[in-house]
Amino acid sequence: TVIKPPELPISYPYPIEIQQLVDQLMEVTRLVVNQYMNEMKARLSVQCETCVVENNSISTAIQTLTNQKEDIDLVVMCAHGATGHSTRPYGSVARDYLEHGEKDVLVIQDLIRSKITPSPSEISIEKHEGR
1 TVIKPPELPI SYPYPIEIQQ LVDQLMEVTR LVVNQYMNEM KARLSVQCET
51 CVVENNSIST AIQTLTNQKE DIDLVVMCAH GATGHSTRPY GSVARDYLEH
101 GEKDVLVIQD LIRSKITPSP SEISIEKHEG R
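At position 55 of the sequence shown the residue is numbered 55 (full-length UniProt numbering), and the sequence of numbers has no breaks.
Simulated from the structure, these hints should not be mistaken for lab results.
Fair warning: this is a prediction, and the values are worked out from it, not measured in the lab.
Think of the CB as a built atom: it goes at the ideal place given N, C-alpha and C, for glycine as much as any other residue.
Keep in mind that a hint or two might mislead.
[What the hints assert, rightly or not] With a cut-off of at most 30 Å between alpha-carbon atoms, the simulated DSS-like pairs for lysine-lysine come out as follows:
id : residue 1 : residue 2
1  : Lys103    : Lys41
2  : Lys115    : Lys4
3  : Lys4      : Lys69
4  : Lys103    : Lys4
5  : Lys69     : Lys103
6  : Lys41     : Lys115
7  : Lys69     : Lys41
8  : Lys4      : Lys41
9  : Lys127    : Lys115
[To be verified] What follows is a set of in silico ranges between Cβ atoms, one per label pair, in the way DEER data are often shown:
id : residue 1 : residue 2 : range
10 : Met37     : Asp104    : 18 to 24 Å
11 : His100    : Leu44     : 25 to 31 Å
12 : Glu49     : Pro6      : 24 to 30 Å
13 : Arg95     : Leu44     : 22 to 28 Å
14 : Arg43     : Ser124    : 37 to 43 Å
15 : Ile123    : Cys51     : 37 to 43 Å
16 : Cys48     : Glu129    : 39 to 45 Å
17 : Ser114    : Asn55     : 30 to 36 Å
18 : Arg113    : Ile16     : 47 to 53 Å
19 : Arg30     : Glu102    : 26 to 32 Å
Please build the complete structure, drawing on both the sequences and the hints.
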């Protein structure tokens, strides 16, 4: 899992009171994410390793981590992240890894079929096939 630090509309370095709030938010986020990852790991019937990384770019963090570690057999990720746009089969992070990743990957579709809305091109194809 990649934790992305909060983006603020002020330039860095932040005033001390703002930095303290950012630090508190990151600490709570680390605790929650680690707890979640431990729960998910306990539910799996295979031995696995989880990792929590902090980076401003989720795609870059995943690429860097998986390229550096030689003992990774499989990268497992959801098809969609926080934004979860249902008009595309994969979100930008999953798509980026599929295009540039160097390890085997299992992408889990996290949207149920009825929630996936067809793209404009799919709608066009359906209209033309129905003629």
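CA of lysine 103 to CA of lysine 41, is that 30 Å or under?
holds (20 Å)
Per the hint of 26 to 32 Å, is the separation of the Cβ atoms of arginine 30 and glutamate 102 within bounds?
Holds - the Cβ-Cβ distance for arginine 30 and glutamate 102, about 27 Å, lies within 26 to 32 Å.
At the C-beta level, are methionine 37 and aspartate 104 separated by a distance inside 18 to 24 Å?
holds (20 Å)
Between the alpha carbons of lysine 4 and lysine 41, is the straight-line distance 30 Å or under?
Answer holds: lysine 4 to lysine 41 is near 21 Å, not above 30 Å.
Hint check for isoleucine 16 and arginine 113 - Cβ pair distance inside 47 to 53 Å:
Cβ of arginine 113 to Cβ of isoleucine 16: about 50 Å, so the range 47 to 53 Å holds.
30 Å Cα cutoff - pair lysine 127, lysine 115:
holds (20 Å)
Straight-line Cα separation of lysine 115 and lysine 4 no greater than 30 Å?
holds (27 Å)
Distance restraint between lysine 103 and lysine 4, which requires alpha-carbon spacing of 30 Å or less
holds (23 Å)
Given hint lysine 69 paired with lysine 4 - CA-CA distance at most 30 Å:
Given that 30 Å is the threshold and the Cα spacing comes to 21 Å, the pair holds.
Keeping to a limit of 30 Å between CA atoms, is the pair of lysine 69 and lysine 103 held or broken?
Since the Cα atoms of lysine 69 and lysine 103 sit roughly 10 Å apart, the hinted pair holds (cutoff 30 Å).
Taking the Cβ atom of cysteine 48 and the Cβ atom of glutamate 129, is their distance within the range 39 to 45 Å?
Given about 42 Å between the Cβ atoms, the range holds.
Honestly, do arginine 43 and serine 124 meet the 37 to 43 Å range at C-beta?
holds (41 Å)
Of the hints listed earlier, there is not a single one the structure fails to meet.
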